Amino acid sequence: MKNQNVNQKYNEYVEARLPKTKAWPSLFNSFWVGGVICLLGQGINDLLLYLFPYMAMQSAWAWTLIILIFLASLLTALGVYDKIGKFAGGGSIVPITGFSNSISSPAIEFKHEGVIYGTCVKMFTIAGPVIVVGVVASVAVGIIYYIIGLF
Amino acid sequence: MQYLWVFLIGGLICMLGEVLIITTKITSARILVAFVLVGVLLQALNLFEPISRFAGAGINVPIIGFGASLAKGAMGAVKASGLLGAFTGGLQATAGGIAAAITFAFLFSLICKSKTK
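These protein sequence lines map, in sequence, to chains A and B.
Its first residue numbered 1, the first sequence is counted upward by one per residue in this note's numbering.
Its first residue numbered 1, the second sequence is counted upward by one per residue in this note's numbering.
Keep in mind that a hint or two might mislead.
[As the list claims (entries may be wrong)] Within a straight-line C-alpha distance of at most 30 Å, the following computed DSSO-like cross-link-like pairs (lysine-lysine) qualify: (1) B:Lys25 to A:Lys83; (2) B:Lys113 to A:Lys83; (3) A:Lys83 to A:Lys122; (4) B:Lys113 to A:Lys111; (5) B:Lys113 to A:Lys122; (6) A:Lys122 to A:Lys86; (7) B:Lys25 to A:Lys122; (8) A:Lys86 to B:Lys113; (9) A:Lys9 to B:Lys25.
FYI, nobody ran anything at the bench for these hints, they're computed from the structure.
Keep in mind it's a predicted model, so treat the numbers as computed, not measured.
Looking at chain A on its own, in the form it has when it is part of the complex (with noise of 0.2 Å):
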């Protein structure tokens, strides 16, 4: 009874301290940093296409996202993704460049603890439950589209 109590007041305690974020003005910054990194996507995207015309539509998008999640680990390293991260919430978690953000981030955070048990595990912290669900999620669809087409 005693614990229950002193657990509702550490929650009320934690809901004080956490920072609000005001809700307009990160709906706003979250719109358009997202909006700006997908502009950045379809500017690469195209720029791919004109410089090599014969490049195959599903080759030129590889290549968008793979200089996008680039550009954001470089960001990550040197310390400007974050900062954008704060200011954008969403709008930089959503992209791709968030998801190569998740991977970089704790990978160069988390060096000092070594390569393997360091960098090479926590690397996975988000990006892990990220692949397992959407592969198996995937392999999931794939099955039902192989039965499906059995009829």
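Starting from the known structure of chain A, fit chain B onto it as the hints suggest.
For chain B alone, coordinates are given in the frame of chain A:
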């Protein structure tokens, strides 16, 4: 004109993520997982291509595009090589992105010192 759609759709999807953060205090891992699932679903229902045609990077750059290419790869490979494709297609289609993210993260972690202390 397409650039306007890219900006609007991409921005809206990211704002939706921010709305989830504000209203549910959900962590970024869960947001990414949720959006990947949305992408897989959109592709499975054949809704991704029509959106992608006018929204371009607006839907391909958000992590929804990653989920869609997982499902698209699996479906395409099933068409080409049967049931085996369900297991090989998804990762094949997304290998470039995953390998790039891992490689660059590893390289930069070798070069850099921790900034967030």
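TODO: Could you tell me which of the hints above the structure violates, numbers in ascending order?
DONE: none
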